[in-house]
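Chemist: The primary structure of each chain is shown beneath.
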Amino acid sequence: MKKVMVGNHAVAWGVRLARVEVISAYPITPQTQVVEKLSEMCADGTLAARFIKVESEHSAMAAVIGASATGVRAFTASSSHGLLYMHEMLHWAGGGRLPIVMADINRAVGPGWNIWTDQNDSLSQRDTGWVQLYCETNQEVVDTTIMAFKLAEQLNVPVMLMLDGFYLSHTAEPVDVPDQELVDRFLPRRVAPYKLDVDSPHAFGALVRPDAYMEMRFLQQDALNKVPQALEVIEKDWLRMFGRSYGAVESYRAEDAELLLVTSGTVTSTARAVVDARRGAGEAVGLLKMKMFRPFPTALLRDALRGVPRVAVLDRNVSPGHGGIFAEELRSALYDLPDAERPELFGFVLGLGGRDITPAVIDEVIEKARTGTVPGREDLWVGVNP
Amino acid sequence: MRELRLHGRGGQGTVIASKLLAVALFLEGREVQSFPMFGVERRGSPVTAFLRVDDAPIKLRCEIQEPDNLIVLDPTLIGATDITAGLKPGGRILINTDQAPEDFPRLLERFHVSTIDATGIAIRHGLGGKSQPIVNTAILGAFAADSGTITMASVRDAIREEVPMQIDANIAAAAEAVTAVRHAAMRDAHLTEVARA
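Chains A and B, in that order, give the protein sequences.
Numbering of the first sequence is given in the working numbering, commencing with residue 2 and proceeding in unit increments.
Numbering of the second sequence is given in the working numbering, commencing with residue 4 and proceeding in unit increments.
For reference, chain B alone in the conformation it holds in the complex:
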């Protein structure tokens, strides 16, 4: 079983991103379970959502304490909240930011880091307003390219099935993110690789 946690702010589409990813994985024949952090959500406040994926039916019905992957829709949450709490060492973090993965050295000490400028992509494709871009489909395109957990084709099908409007723009945003995502390996792993070489 793989467990994911998504961090965003109310209005960015964090909970929908988790549902979209669940649908995409379901379309590939996986068992899925997607749920928000149970609480009272408000525009702008931190929002957390969860996703479990497995090949067998999922029995656990409790919050995810030790995720394998993080998807961060708003980089200002890093530092503002303990975003990596419980993330397994060697886990993967995908961040919506225009910075490079190497700009997050402290995260790279224990985790693999990837970055994507999902905000820029969302604005270019007219998703949400310029002050409140909806970045969820762009970041899912990056996740497809980066994680190896899901194909872009399934993300596209899930968008077609679940997104009520601007379907083509959302698909185009996800597709642009596929090629724009940047990745840096965890430093330890990197050092090990260097040593081996």
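Chain A extracted, bound-state conformation:
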């Protein structure tokens, strides 16, 4: 069934089809419609979930952590300052190996007070032990929400999926809503290996001494390392059942490219149009979409970028005092390639606080990356008038 819907409702539909059992969330722009739609679905009975109302995001995450520990499927959503307020609890979910799924509607962090999109909210949570997946279309949002539960529950890791605020959250476009019976076959009820159960008592979150703490972290790391391959298998199933797949990374018209753009989120979509135009004019420009940021898909990126002469990374985020975060991590990932195969990498910071990224902006990035010289590679800010 195809419906025209905004990204926030695509999230809600994914949650409904995944038959989530507990939802706790606190509204914040631009995420509010997710909470509204899910409350509606819980109220009218189309989603048989318990909706726990709370007074803050910290409590929302605490509530889904408690729910998830009892073995049920749990979901929350937030944005920006709400996500930051969850920070402590995000570590508890990650370290506790709880397969919670959350949607973060990417919104810039204040001050300056700003409700528009950039990725600094989610990227500042990169070390909390959550898988991070950045979406490009509302179709990808609904599909990823459902696949995220399968991935989370397979490896006992929490998964965060990201939507650009407004560019997806408030943009309506056609979405093929997956069939419930098929989704049920794809994603059966959760079976938790360990859970809070009065008939079989276990202790959770107890003191862990130096003799065991590192082993916990090692096992967490081991689980996260398995995510790219697990997602590949899950996506193969999804493709077989629903006819669509996305990949942790995706190469688009990358064959024999002299220059590859590296993008995440909705910028990818606009960049595809620019790449189409450039290819149409006979220029060897291609695209690499990074959907997965945590775990960092190092092996996939090395394969995709090995031997490409020039790479331009478009970062809608910045680590103050360092640079665009995707670019910095990508540089590390490519460091071990032999000199002859290592691309010259240019990092561009753009689109912060919701500044529009138009084809003209991407054209400017392409020209700068083509003519740039190393070491003129330091972060290039696009469209800034200080």
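By construction, these hints were calculated from the structure, which means they are not laboratory data.
Note that the coordinates shown come from a computational prediction; the quantities given were computed from them, not determined experimentally.
Check the hints yourself; a few may be wrong.
Examples of chain B residues toward chain A, derived with CB under 10 angstroms [as the list claims (entries may be wrong)]:
1) V26
2) L28
3) V43
4) C65
All residues carry an ideal CB built from backbone N, CA and C; glycine is no exception.
Mind docking chain B on chain A? Use the hints.
Modeler: What follows is chain B alone, placed relative to chain A:
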């Protein structure tokens, strides 16, 4: 690809109009993308919404800078804001007003202009209050008749699918607007036609 921009004031249903039109076009098998100007909307303040329509999936995800069509739900915005900014020369403007298209000579210098008294129609059909009529379905009926982009049948189906209340009154308002819309061609084009004749 055709790109549209809608101008209204908070409370008139501008964003819903863009969504309704997207659904109507989708029902005709087109690819669509509808979104509001990203901001903080308040009742009475200017609201802008956008719509892209194409036969192929739409890749552009940025604001529309150079629309082909404008739909203006509140005529007091003309002059108060730069309403035609970026509108392609020869583009079409549909205005909710009880005035005739010829009453907008400056717009007619560069654009085609159509008018519809959507406020009067909305009030007659009891849509919203008299001080705050909801004019979006009436103006979409006028758009269907005027633009050739969408049929009234699809607008009606979209209203049935998307509008939560007063469905019949909204459909009736749209249908009345179909016959009441008035059109004037851009002056240059008009002069050219006269010269040819």
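Chemist: With reference to the structure, classify each hint as holding or not holding.
Modeler: For each hint, the structure was consulted:
For V26 of chain B, the interface hint holds, the least distance from its beta-carbon to any beta-carbon of chain A being 5 angstroms, beneath 10 angstroms. Satisfaction of the interface hint for L28 of chain B is found here, the shortest Cβ-Cβ separation to chain A being roughly 9 angstroms, below the 10 angstroms cut-off. Restraint check, V43 of chain B versus chain A: the minimum CB separation of about 7 angstroms is within 10 angstroms; hint holds. With a least beta-carbon distance of about 5 angstroms to chain A, the hint placing C65 of chain B at the interface is held under the 10 angstroms criterion.
The structure shown violates none of the earlier numbered hints.
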